[in-house]
Amino acid sequence: MSSVASPVLQLHNITKTFGSLVANDNISLTLRQGEMLALLGENGAGKTTLMNILFGHYVATQGHIEIYGKPLVKGSPKAALATGIGMVHQHFTLAENMTVLENIILGTEPIFRLRHHLSTARAKLLKLSMQFALHVDWNTLVKDLSIGQRQRVEILKALYRDVKILILDEPTAVLTPQESDKLFTTLRLLTGKGLSVIFITHKLKEALSGSDRCVVLRHGRVVYETATKGIKASTLAKAMVGGALPEIKKKKSTTSSQQLLSCSNISIFGSQHQPLLDGINLHLFKGEILGIAGVSGNGQMQLADMLSGMQAPDSGEIQLEGERITHHTPREMMSAGIGRIPEDRTSTGIIGDMPVRENIALEHYQEPGLSRFGLLKFGSIEAYAKDLIKKFDIRCPSTETPVRNLSGGNIQKLILARVLSRKPIVLVASQPTWGLDVGATAFVHEQLLQAKLEGSGILLISEDLDELLQLSDRIQVLYKGKISAPVSPDQVNAATLGLAMSGHLEEFSQQIGQPAP
Amino acid sequence: MDILLFFMETGFWIATIRMATPLIFGTLGELICERAGVLNLGIEGIMAAGCMAGWTWVYFGGDLWGGVLFAAFIGALFGLLHSLFTVHLGLSQHVTGLGITMLAAALSSFVFKMLLPKATTPPKIIPFANLDLPWLADIPFLGPILTHQSPLTLLAFFLVVLVSYLLYKTPVGLSLRMCGENPLAVEAQGLSVYTIRTGAVVVGSSFMAVGGAFLTLSAFDAFYIGMVNGRGWICIALVVFSSWKPWKALLGTMLFAAFDAMQMRVQQQSAMVIPYQFYLMLPYIFSILAMVIMSRRAAYPKALLIPFRKGER
Amino acid sequence: MRLEQRENISPYLRIAAPLLAVLVALGFCSVLILWSGHSPLTAFLFLLKGSLGSKFAITETLTRATPLIFTGLAAAVAFRAQLWNIGAEGQLYAGACMATLLGTGMLPLPGWFMIPFLFLAGAIAGGLLLLGPTLLKTWFSVDEVVTTLLLNFITLLFVNWLVFGPWKDPMAMGWPQAAPVIDSAVLPILLPKTRLHVGFIIALASAMITWVTLRFSRLGFEIRAVGHNKHASRFAGIPVRKTILFTAFFSGGLAGFAGVSEVCGLKGYLTLDLSPGFGYSGIVVAMLAALHPLGVVLAALFIAAISIGADSMSRSLNISNYIADVATAVSLLSVLAAMLLARFRLRWR
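Residue numbers (the numbering used here), protein chains in the order written: chain A, 158 to 674; chain B, 560 to 872; chain C, 10 to 358.
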């Protein structure tokens, strides 16, 4: 069907450079009516940049865009919206302290109208939500919605403007497998009504199951384009990475019976006294990777913050090798032997405006080796930094370079270097490969497995189910602050984990044959 | 006992409302800026510029309302400068605001000295007369209080109603509030964050300047260097106190002015016991206390102080 | 209009930024001078002559720069840690009050001990005054900009009470001023027949020490880290709250130095016109110096030269000396813009 339909959107020779970086290199693309197009590529391939050009956030350095045969005004989201392009950003563009309705009608009325026409808006939304089975309460504040609901609001926002083309940037990144399925059902409804959809993804499975056609980007270029039907996953993978996907080495079980970390009956409450962590128990043993699965926002941040010393639990106890560390500060946590890889590496893990050297020393500058009499020992710090740069292959022009100029992969290497060079007893790794390309991801995985071999216990908090299933020795699922019993990755698959991640803990327990927590 | 009797006196309420008026303008102006996500520390200087501009207009033969408009225009110009720096260039709102205050205050003093180099005592003008509304005067208690006010006070009350309506009931208010909460959401809906924020800062700054003009055109009849005397900073504290809501801002300024009027009375009666300087400190101390009290509950606009740069995410 | 980040910032551009700012300020003032009916060239000549034209003029400029170095350092240190201390004016007076309290005869100490003692006491007073708003910031997250600003007014009223009330010098023929400091507390004059005093040397030394602290010490490392990213600093184990409190004490102390130096070096006693806004000009000095302690010295000299020069220009040309304040304010705004342009490139579409 898609091959006969007329093109609604054509990108011609789009090139976009940021300084010396070429994000998009001469990209041409066609979208047809009623088509579902997957824009596939690994992190950093230029997918988001391309869509931001299409939606007018960026202006292309070269090239032009045609929509229904007419040229699109450059650099104007307003023009894009007016011609019928809608975009659902990966990081939702919603104001949390405002109602759903306010978020949706923003910008849809003449700005100097003397009052909102709310009843017309409600009627239209009601019709849309019935038509596409997108149910949200209009009057709640966005901050009270779940991630899945927020995404529905974003889609409604676009539909409310009668868009003909919908772009979704990594729409499943924060959804459970079940929610993802629901999303694709919705998208199919849309294409059925004649809309065209482009979704950006780095997940092969999604591109294969969800799309009519795939366009693969690598290093800013279109390297492969195909109808999805009948194509093999390995072909797409090869196009995406430019070779075979790196295999994760067979897991060796190195778990011993020596318990390193135990959290008992941990609870943390939010500002409205709602439980963020609700009576959590977990035990981590020497030489194992314990995976924590779950959709973000279910207590992962609190768990990681707590073990990083950023937030003390309201009740319960944490022990490291039998020592109580419940109320340790970040520095005390580190000296007790906990290494931390933070979830948001650029805003928590590093200080972007400071040089590489000082960022490497950031956690240990006060120790006798690196400072004396209140003064820093510059020579020692420089040597220390150079040593780690070499050992962990951190690519940087010099130790003086501000660390924000490094790529995401190199920043993560720096953080890994800082932590792993101390041989931590326990490593708390939050989303360690989020947003990294295949090479950097493989590097991180290797380092984690190496640390495990050397006897560290690793708590791996991740949203990437494949990563968890491949690396972990045991997996526990967090949902609304509660944690499931541990399961072995051999016992479960992504779908079963998805049940637990969306709160169906009982069904989950039945499927794995264990009592509910 | 005496203190309680104040509240029954019309004189006390007349003074309270008069003292509240410049603060209402200033607080409302600052509130508009901050609701759009821009802190405007230029307020102290913009009020001074408003004082000066309004007075100059009238002193050189213009009429009083012309003076108010001229002050608003000058305020808008400084607002434009502030928004050029903070909105378009994304510079530090703290430092830019202080710079605007310094510039506006210095320019006002300079221009005043150049226009009237020989003046030893501040030259006077004829300020706004009290409201002449017979039907209003007949209302018991409230009547005399309201008719002893300048028309500018009426304007201030009207603006509270207007701003409140615009903010919560109209598309322009919605987009302004959204700019203060999440500018990316505004841009993604096809509106220009730059335009909305600039508009908010320009309008807010002109309100501030009118607040300044009230001082020379209504409260006093002459211009003195340094006559704003921290009122701008107090307005910023009052915005926090009012949780960025126009009606609460009105309440806050009235409460504040009532305290101020009260301390003046007490001061007159007990000047011998406690030196007057300590009474003069009270407004500033109240402002600090107000900020401390409200800080826990402060629901400040999420994007306040954060510059928005297009194409950077 | 768009801003595009430059990948490499050339060092020339960094130095060019403040110079450009100064040019813009002078250009703006030329317009004002033209409006007042004079030729800008003549006016600037008078300004230059008044500030640098003679040995005496130069010493006057250096004398005026002394408090500006202190307040400029106070702002630079605080701003480095993203602590917006706008209260240097009040802290200056706190230091001045301490010098008056202890230096006017209460403790008859010898000079070699008295002067360091008074500086220390003044620094403690200034530091403590900033500690209040800083604690409110760290405990209740109350914005320190407004509290430090308001505290300036409170402090000035307090000083007003002191010099009109309990500290009023009966020998001052009714002027509101405190008694002069005793001889051992007076800062020695550096050059005979000028007003340039040892305070200037202390200011230079303070700039040096501040630079070493920020660049080479653990505290300096912590201040910079906290200033760039509080959250990441806390994560890395840096005691953020303690660092901010230290910074506050450091910054307030430097402003307190300014007060001691003015009382013991220039005026000899506490008055209400001790500081014509040195605390606020200090912010401009710090920004012109891009928060670099050694740059503060240069920037302070520039601002001092402008204001000394403007005084003399206004005497000869009948142009109000408020033009110095205008120039100061314009240089602040233009240095902000210039530094941005050093980091970013302007692109029109």
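Hint data in this document are derived by calculation from the structure and do not stem from the laboratory. Glycine included, each C-beta is placed from N, C-alpha and C at the ideal position. Do not rely on the hints blindly, as some may be mistaken.
[Unchecked claim] Using C-beta positions, here's what the derived DEER-type ranges look like:
| # | chain 1 | residue 1 | chain 2 | residue 2 | range |
| --- | --- | --- | --- | --- | --- |
| 1 | C | 18 | A | 565 | 43 to 49 Å |
| 2 | A | 272 | B | 702 | 40 to 46 Å |
| 3 | C | 150 | B | 721 | 27 to 33 Å |
| 4 | A | 221 | C | 25 | 46 to 52 Å |
| 5 | A | 239 | B | 621 | 27 to 33 Å |
[To be verified] Okay, derived cross-link-like pairs now, SDA-like style, lysine to any residue, Cα gap no bigger than 20 Å in a straight line:
| # | chain 1 | residue 1 | chain 2 | residue 2 |
| --- | --- | --- | --- | --- |
| 6 | A | 231 | A | 272 |
| 7 | A | 360 | A | 338 |
| 8 | C | 276 | C | 147 |
| 9 | A | 235 | B | 868 |
| 10 | B | 672 | C | 276 |
| 11 | B | 728 | A | 413 |
| 12 | C | 251 | A | 486 |
| 13 | A | 231 | B | 749 |
| 14 | A | 548 | A | 501 |
| 15 | A | 231 | B | 865 |
| 16 | C | 239 | B | 718 |
| 17 | A | 300 | B | 802 |
| 18 | B | 672 | C | 37 |
| 19 | C | 239 | A | 471 |
| 20 | B | 804 | A | 580 |
| 21 | B | 728 | A | 271 |
| 22 | B | 861 | A | 200 |
| 23 | B | 728 | A | 277 |
| 24 | A | 231 | A | 253 |
| 25 | A | 443 | A | 476 |
| 26 | B | 672 | C | 251 |
| 27 | B | 728 | A | 394 |
| 28 | A | 231 | B | 851 |
| 29 | A | 321 | B | 749 |
| 30 | B | 672 | C | 324 |
| 31 | A | 386 | A | 189 |
| 32 | B | 728 | A | 295 |
| 33 | C | 239 | B | 651 |
| 34 | B | 728 | A | 443 |
| 35 | A | 362 | A | 476 |
| 36 | B | 807 | B | 851 |
| 37 | B | 861 | A | 258 |
| 38 | A | 235 | B | 754 |
Q. Do the beta carbons of residue 150 of chain C and residue 721 of chain B sit within 27 to 33 Å of each other?
A. holds (32 Å)
Q) Is residue 443 of chain A close enough to residue 476 of chain A, meaning Cα to Cα at most 20 Å? A) Measuring from Cα to Cα gives roughly 14 Å; hence the hint holds.
Q. Under the criterion that the straight-line Cα-Cα distance not exceed 20 Å, is the pair residue 362 of chain A, residue 476 of chain A satisfied?
A. violated (40 Å)
Q | Straight-line alpha-carbon gap residue 548 of chain A to residue 501 of chain A, limit 20 Å | A | violated (24 Å)
Q. Is the hinted pair residue 300 of chain A and residue 802 of chain B satisfied, with a Cα-Cα distance of at most 20 Å?
A. Within the cut-off at roughly 19 Å; holds.
Q | residue 861 of chain B paired with residue 258 of chain A [C-alpha distance capped at 20 Å] | A | holds (19 Å)
Q. Straight-line Cα separation of residue 231 of chain A and residue 865 of chain B no greater than 20 Å?
A. violated (26 Å)
**Q.** residue 386 of chain A paired with residue 189 of chain A [C-alpha distance capped at 20 Å]
**A.** holds (16 Å)
Q. Taking 20 Å as the top limit, are the C-alpha atoms of residue 231 of chain A and residue 851 of chain B close enough?
A. violated (48 Å)
Q: Measure nothing beyond the straight line between the CA atoms of residue 276 of chain C and residue 147 of chain C; if it is 20 Å or shorter, mark the hint as holding.
A: violated (37 Å)
Q) Holds or violated: are the alpha carbons of residue 861 of chain B and residue 200 of chain A at most 20 Å from each other? A) violated (29 Å)
Q. When you check the alpha-carbon spacing of residue 251 of chain C and residue 486 of chain A, does it fall within 20 Å?
A. Given pair residue 251 of chain C, residue 486 of chain A holds - Cα atoms ~13 Å apart, limit 20 Å.
Comparing the model with each earlier hint shows violations of hints 1, 2, 4, 5, 6, 8, 10, 11, 14, 15, 16, 19, 20, 22, 24, 26, 27, 28, 34 and 35; every other hint is respected.
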